[in-house]
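A.B. asks: If you read the sequences in order, they're chains A and B.
Heads up: the first sequence begins at 183 in our numbering, then just goes up one per residue.
Heads up: the second sequence begins at 183 in our numbering, then just goes up one per residue.
Just so you know, the hints here were simulated from the structure itself, not pulled from any lab data.
Please read all numbers here as calculations on a predicted model, not as lab measurements.
Idealized CB from N, CA, C, for every residue including glycine.
There could be a bad hint or two in this list.
Which stretches of chain A does chain B cover? Using the computed rule of at least three CB atoms under 8 Å from a CB of chain B, they are [stated by the list, open to error]: (1) 192-202; (2) 373-383.
From the derived model, a few chain B residues whose C-beta atoms are all more than 12 Å from chain A [to be verified]: (3) 224; (4) 228; (5) 233; (6) 240; (7) 241; (8) 314; (9) 320; (10) 380; (11) 426.
Keeping only pairs whose Cα atoms sit at most 30 Å apart, straight-line, the calculated DSBU-like set for lysine-lysine is [as the list claims (entries may be wrong)]: (12) B:204 - A:398; (13) B:295 - B:314; (14) B:219 - A:374; (15) B:314 - B:297; (16) A:204 - A:296; (17) B:295 - B:339; (18) B:296 - B:314; (19) B:297 - A:434; (20) A:403 - B:434; (21) B:225 - A:374; (22) B:398 - A:374; (23) B:403 - A:297; (24) B:297 - A:398; (25) B:374 - A:429; (26) A:374 - B:434; (27) A:295 - B:434; (28) B:403 - A:403; (29) A:403 - B:295; (30) A:418 - B:296.
Protein chains: 2
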Amino acid sequence: MLRIVILGTGNVATHLYTALKKSDTIEIVQVYSRTPKSLLPFKNEVATTSSLTGLVEADLYIIAVSDDAIASIAHNLPFNDRLVVHTSGSVPMINIHKRNRRGVLYPLQTFTKKKAVDFSSIPICLEFGHKKDFVILEQVVRALGSPLYKITSDQRKRVHLAAVFVNNFSNHLYRIGHEICDTSGVEFEILKPLIQETAAKIETVTPYMAQTGPAKRGDEKTIERHIDLLENDMHKNIYSLLTTSIKNTYGK
Amino acid sequence: MLRIVILGTGNVATHLYTALKKSDTIEIVQVYSRTPKSLLPFKNEVATTSSLTGLVEADLYIIAVSDDAIASIAHNLPFNDRLVVHTSGSVPMINIHKRNRRGVLYPLQTFTKKKAVDFSSIPICLEFGHKKDFVILEQVVRALGSPLYKITSDQRKRVHLAAVFVNNFSNHLYRIGHEICDTSGVEFEILKPLIQETAAKIETVTPYMAQTGPAKRGDEKTIERHIDLLENDMHKNIYSLLTTSIKNTYGK
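The following block holds chain A by itself, in its conformation from the complex (with noise of 0.2 Å):
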């Protein structure tokens, strides 16, 4: 049995803790979090800890906070040469401090609180400075049963970047057609298939041929209509650089 901590309470720790709690080929041995409070839901079911000194003994410690508070955490932890890990798509593995042996494991995702996750589905971005520890996180990667990617900081933090504009930068778009939707007095309902089929289409396709639509056309009469009927100066500026940017990628 590979002997875990985890540290941390939100949405990352919890689900990677729901998740890792059904292996039988891993054992949680200790939840922790600076604020007492936030352990509530842990404490009938795995050892508990508000203090970084009150850490039990385990073969990996999964930090799972937030960026900025990764090495700080892996700076005042009270022992050396075991097995640290954090799971953050931006932060260096060299911000956890070189007492201890360090790693990442970065599930490249997107989480909901209270919304189950399927791990299985779910790429997990493995580094570290040691060889020898591939072994054991690799162990938790197939626990979770998630892809494995092996890959540097650097690809991290550009995968990471690239997420943005795929999950950050998408989701605002569609917040853009809900409320055109709105304006105009139609249920954002109807936009659904649409996504759902415009994100399934690239499982098959590469974006490039999926492209459609007035700017990979080079349709300038749309483009024009599109543009004077926008009300919003924002959204105006927004359909005309993605516009420009689609007609320079298929050189319209």
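Once you have looked at the hints, place chain B on chain A.
C.D. replies: Only chain B this time, still in chain A's reference frame:
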């Protein structure tokens, strides 16, 4: 049996043909295309014509051709007072010549010629000049099994504009994600689950509530790092503009 003629042999025409052919309340009596060659796939199954004067009598004529060609075909139809609809998101209903009863049957979805479509999840937007024609158009929508929306020409062109944001523009963001992965030596595969989950989320949560990321948090340090990291100036501009728009939305 409702007798229908389909004018056009492109994506929308072909998908409508395939779906309606299966219905036992509808008979497709003819397919028209001005280019005889594009009628070849239909020849063994249904009567075809490449001349508007060769059109047979029917209860409904569906013009499913490119936006620019609709008015000219409608203008040259050699009959009066029959029900003629087009399938475009952005062409006004009145572009169909008023010699005939006119309407619109706009399926709000992105079609790929080779990919089968499930009309039961595709919203159909209906518009009609004569109230009595609703019964006929409703019968078509029921045969397709699609959700039905009655909307005006003005609403339709706004919904079509919203569709550009959630479909064309989101797909372009996927393309940018793909490019960033490529230049980082990471497979685009790694982003696919995130893309699916981002789309899936808005089935249960509004896009406003679903928003996450550095712009939403007002996390200037990460935003600056990301813009530095981007090598393509257009990508920098898109990142900055969408970040500003998200910040405005959440008062950051």
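A.B. asks: Would the pair residue 374 of chain A and residue 434 of chain B pass a check requiring their Cα atoms to be no farther apart than 30 Å?
C.D. replies: holds, 28 Å
A.B. asks: Say whether it holds or is violated: residue 241 of chain B keeps its Cβ farther than 12 Å from all Cβ of chain A.
C.D. replies: With a cut-off of 12 Å, residue 241 of chain B remains clear of chain A, as the shortest Cβ separation is near 27 Å.
A.B. asks: For a C-alpha distance cap of 30 Å, please report whether residue 403 of chain A and residue 434 of chain B respect it.
C.D. replies: violated, 36 Å
A.B. asks: Given the hinted pair residue 296 of chain B and residue 314 of chain B, is their Cα-Cα distance within 30 Å?
C.D. replies: Violated, at about 36 Å.
A.B. asks: Grab the minimum beta-carbon distance between residue 314 of chain B and chain A and tell me whether it stays above 12 Å.
C.D. replies: holds, 25 Å
A.B. asks: Does residue 434 of chain B sit within 30 Å of residue 295 of chain A, going by the straight-line distance between their CA atoms?
C.D. replies: With a Cα-Cα distance of about 23 Å, the restraint between residue 295 of chain A and residue 434 of chain B holds, given a limit of 30 Å.
A.B. asks: Checking one constraint from the list: CA of residue 297 of chain B to CA of residue 434 of chain A, max 30 Å. Satisfied?
C.D. replies: holds, 26 Å
A.B. asks: Check the non-interface label on residue 320 of chain B: least C-beta distance to chain A beyond 12 Å or not.
C.D. replies: holds, 17 Å
A.B. asks: Is it the case that residue 228 of chain B keeps its Cβ farther than 12 Å from each residue Cβ in chain A?
C.D. replies: holds, 27 Å
A.B. asks: Need the status of pair residue 314 of chain B, residue 297 of chain B: alpha-carbon distance at most 30 Å?
C.D. replies: Cα-Cα ~35 Å, so violated.
A.B. asks: Would residue 240 of chain B pass as off the interface with chain A, using Cβ distances and a cut of 12 Å?
C.D. replies: holds, 29 Å
A.B. asks: Within a Cα-Cα threshold of 30 Å, do residue 403 of chain B and residue 403 of chain A meet the stated pairing?
C.D. replies: violated, 41 Å
Checked against the numbered hints above, the structure breaks hints 1, 10, 11, 12, 13, 14, 15, 18, 20, 21, 28, 30 and satisfies the rest.
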